[in-house]
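K.L.:
Chain A is already provided as a structure; the job is to place chain B on it using the hints.
Here's the letter readout for the chains.
2 protein chains.
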Amino acid sequence: MPRVDLTPMVKPRSVAIIGASRNPNKVGSVIMQNYISAGYEGKLYPVNPNAEEVLNRKAYSTVLEIKDAVDLAVIAVPAHIVPLVLEQCGKARVKSAVVVSGGFAETGEVKLQEKITEIAKRYHIAMMGPNCLGVMDTRSKVDTLFLPMNKISRPKVGFVSFVSQSGAVGSTVLDVIASEGFGLSKFFSYGNAAYIDEVDILEYLMHDEETKVVVLYLEGIKRGKEFVEIARKLTKIKPVVVLKAGRTSAGTTAVHSHTASLAGNYAVHEAVFRQFGFTVANDLSELMYFAKIFASEVRPKGNRVAVITNGGGAGVVATDEIASSRYLRMAEFSEETKRTLKKTMPALVNIANPLDIAGDASGDRYRQALDAVGNDKNTDMLLVIVLYQTPGADPSVTNEVIQKKRALSKPLIVISIGADYTLRQAKLLEENGVPVYSSPIAAIDSLEALFEYAEFKKRAERR
Amino acid sequence: MPRVDLTPMVKPRSVAIIGASRNPNKVGSVIMQNYISAGYEGKLYPVNPNAEEVLNRKAYSTVLEIKDAVDLAVIAVPAHIVPLVLEQCGKARVKSAVVVSGGFAETGEVKLQEKITEIAKRYHIAMMGPNCLGVMDTRSKVDTLFLPMNKISRPKVGFVSFVSQSGAVGSTVLDVIASEGFGLSKFFSYGNAAYIDEVDILEYLMHDEETKVVVLYLEGIKRGKEFVEIARKLTKIKPVVVLKAGRTSAGTTAVHSHTASLAGNYAVHEAVFRQFGFTVANDLSELMYFAKIFASEVRPKGNRVAVITNGGGAGVVATDEIASSRYLRMAEFSEETKRTLKKTMPALVNIANPLDIAGDASGDRYRQALDAVGNDKNTDMLLVIVLYQTPGADPSVTNEVIQKKRALSKPLIVISIGADYTLRQAKLLEENGVPVYSSPIAAIDSLEALFEYAEFKKRAERR
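So the protein sequences, as listed, match chains A and B. If you use the working numbering, the first sequence corresponds to residues 13 to 475, in order. If you use the working numbering, the second sequence corresponds to residues 13 to 475, in order.
FYI, nobody ran anything at the bench for these hints, they're computed from the structure. Some hints could be false.
Since copy identity is lost for identical chains, a pair holds within one copy or between any two.
No farther apart than 30 Å at their CA atoms in a straight line, the calculated lysine-lysine pairs in the BS3-like style are these [claimed, not checked]:
{"id": "1", "residue 1": "Lys439", "residue 2": "Lys168"}
{"id": "2", "residue 1": "Lys439", "residue 2": "Lys163"}
{"id": "3", "residue 1": "Lys38", "residue 2": "Lys355"}
{"id": "4", "residue 1": "Lys469", "residue 2": "Lys55"}
{"id": "5", "residue 1": "Lys416", "residue 2": "Lys350"}
{"id": "6", "residue 1": "Lys248", "residue 2": "Lys422"}
{"id": "7", "residue 1": "Lys416", "residue 2": "Lys163"}
{"id": "8", "residue 1": "Lys38", "residue 2": "Lys354"}
{"id": "9", "residue 1": "Lys245", "residue 2": "Lys422"}
{"id": "10", "residue 1": "Lys234", "residue 2": "Lys23"}
{"id": "11", "residue 1": "Lys123", "residue 2": "Lys354"}
{"id": "12", "residue 1": "Lys355", "residue 2": "Lys123"}
{"id": "13", "residue 1": "Lys470", "residue 2": "Lys107"}
Extracted from the complex, chain A is given alone in its bound form:
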């Protein structure tokens, strides 16, 4: 039984925006406008004692005036008014609240933060914040982020949920996710974590069928014992990618002055993360790479990778990475595969892994190679390199890769490096569920993360 229920916050039937005003630059108004633009279909109530109307909707002077039941109150008023507003929410039986206002513990106002936390608990309001961006759900179209649409794109609907204590890291990653093909399920940026913290959110996401991958940016962990408990359960159900800031003592000091979190000893954290089957990222880019592969890939049955390439050099670079990785191995093609390839490939193609199908390979040759290698019982994962700069590579290759991806029950990812023409083809691939990497290291690290998690689950299921 979770100590708070996040459902009214994530799937509200009605939202009150406290602090919405006629000034379009005010935080409350930006949030209100974002709800309208996003097409939120529940009821929307602006609350402002000094306005009759906000954005063509009747404004209420307090939340108590709203006759309807309010599932979520978004609070964007000066810090010293928050206690009053929250009391009113309590009396109006509002189920959840996102306090976006800053000016609490992060600026030394610890007492004020304790006060609002006490109110929230007394009235059983699931309170997120204060000093946070709040919640986004691409399905219910809840969006409490006070970020203008022109600076940060909103992601499409997907199955990756992203949790970040830091607002800036959160919005940056959100922006990147918007440009990726895999989409987003939910986003949480929980700020000072006066009440709702990472444990509550992870507990919610564990049971959320719209979340298949959890991505986590952590600075500190507040409730260690509970975190360990939920982590142990969560990773048995879905992959969790984590970036923990404060690996070094300099980083730890920086964490403390950022969110007053205690970063703790990183080595201990990392050991614990790995034991529980977390996928540990060292960098925001890795966080994205790993999210991408988990979002679209099936679990590999083993560690043997086949490489198909239309550029010999790129095949060599990938082979080096695979052969020097901790867990992956280059596949050894079966005799049957070799026979098939000998029949279908031009005489000059050397039948080996990496399979260099040469610079004049177009869709037909890729299909023949993908068919033979995809069916090979000694191959667990396919790494397909497409250098679109070569004379043969054109949209027919993109099409064949997409077809094969749909038919295949093994992981298949693409490495493609280049500018305009290449980026257009890469986008097509990603929109059709094929993860594309522009760096061989990133691609192979991601395959390795996928394999490691598959092994972890195998072990967990055997127990």
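P.N.:
For chain B alone, coordinates are given in the frame of chain A:
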């Protein structure tokens, strides 16, 4: 005294294209068309015994018919005709030749390759290839690449020269360079290296004032002793970034079946590379990251990095990377800097490195921070993080960073992560000489490479 002179190939006053035909899909015609589109200003002579005219120019039946002196012959005819054509070039005293035709040692035709090499040497023709993309020079507008313009962008004029035995890796990197801000000086893809090899090219680039950075993709090294000699001299003059394929035994096998090169023992190669001050990349992405920083950065005086950020979390991630790097250290601000910052920054900004100037920082606050930290005598390099998703960051920040970069004699690089809005600002920064990285790891690895090379040069100069 170099054994071959590449000047007639790189800066030809006249080019004969042997194999140019009226069929626009033929290799010779693509090359001819590329010369015309690129605006090559020297004389251009199509050679084709079966045509009167090619692309509105009088065609010659053989190179012997051309009355003018020919500096460069681009040869794109079937392999078995190359000996005849090359003999004619010799008799016509053609100074250099790029043999793009394939069908020599790489397909087992070793004898045919020996034959054309013998002819080239006998007539003192500086011959590149066969089986190569050849040469590009953004200033003389020489461009022997038979790659259609729509699939691969051509880079702008710059000071980075790129040498790649592999044609596919070469054209891929070329395409990426075209989308980067730093531009290209020269590109060489030398194929089978029957005569001209990497040593000849490096020797040319060492003396080339239009080349300030050399980027090298190597599979094997043919003339080890000469390579060591030129490497020893070259790195004392300009930075050399190298990616050597065949780090592992699987990679080595793959190299052999690609260009029949002997990859050799990678550990030995790497040790030698590092001893000679090469910057060693492990991946095509690293090759680009390193090229970017060397292309635009001054040499740092020390290893102390200051971080300015508008996102606390991103500052922590960067701090972790710096603190855990082999050579870099977080700078300790001087008392004077601290006093200045205390005066200019808002009260809530914690005066420390990383300097988190908060999510509402716009151009003004960045300028004040850049001024104070830029002048700090305890700071050798500036790492500026701009998260454009925050409310304060807008084009005024871009502008201030560009201004500071122009005035500062220390390295200054930017980390910026995001989609559309961010990418537009990043492009502006790069066009104005500020290297931008979308990954903290890439940024800090690049700063480290810059520092390592500066230290190498210091040691070399002391000797």
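K.L.:
Give a verdict on every hint.
P.N.:
Tested hints:
| no. | hint | verdict |
| --- | --- | --- |
| 1 | Lys439 x Lys168 | both (14 Å within a copy, 25 Å between copies) |
| 2 | Lys439 x Lys163 | both (21 Å within a copy, 15 Å between copies) |
| 3 | Lys38 x Lys355 | between (69 Å within a copy, 29 Å between copies) |
| 4 | Lys469 x Lys55 | neither (42 Å within a copy, 67 Å between copies) |
| 5 | Lys416 x Lys350 | within (19 Å within a copy, 60 Å between copies) |
| 6 | Lys248 x Lys422 | within (21 Å within a copy, 50 Å between copies) |
| 7 | Lys416 x Lys163 | between (37 Å within a copy, 24 Å between copies) |
| 8 | Lys38 x Lys354 | between (68 Å within a copy, 29 Å between copies) |
| 9 | Lys245 x Lys422 | within (26 Å within a copy, 50 Å between copies) |
| 10 | Lys234 x Lys23 | within (26 Å within a copy, 66 Å between copies) |
| 11 | Lys123 x Lys354 | between (76 Å within a copy, 26 Å between copies) |
| 12 | Lys355 x Lys123 | between (77 Å within a copy, 28 Å between copies) |
| 13 | Lys470 x Lys107 | neither (40 Å within a copy, 66 Å between copies) |
Going down the numbered hints, you'll see the structure goes against 4 and 13, while the others check out.
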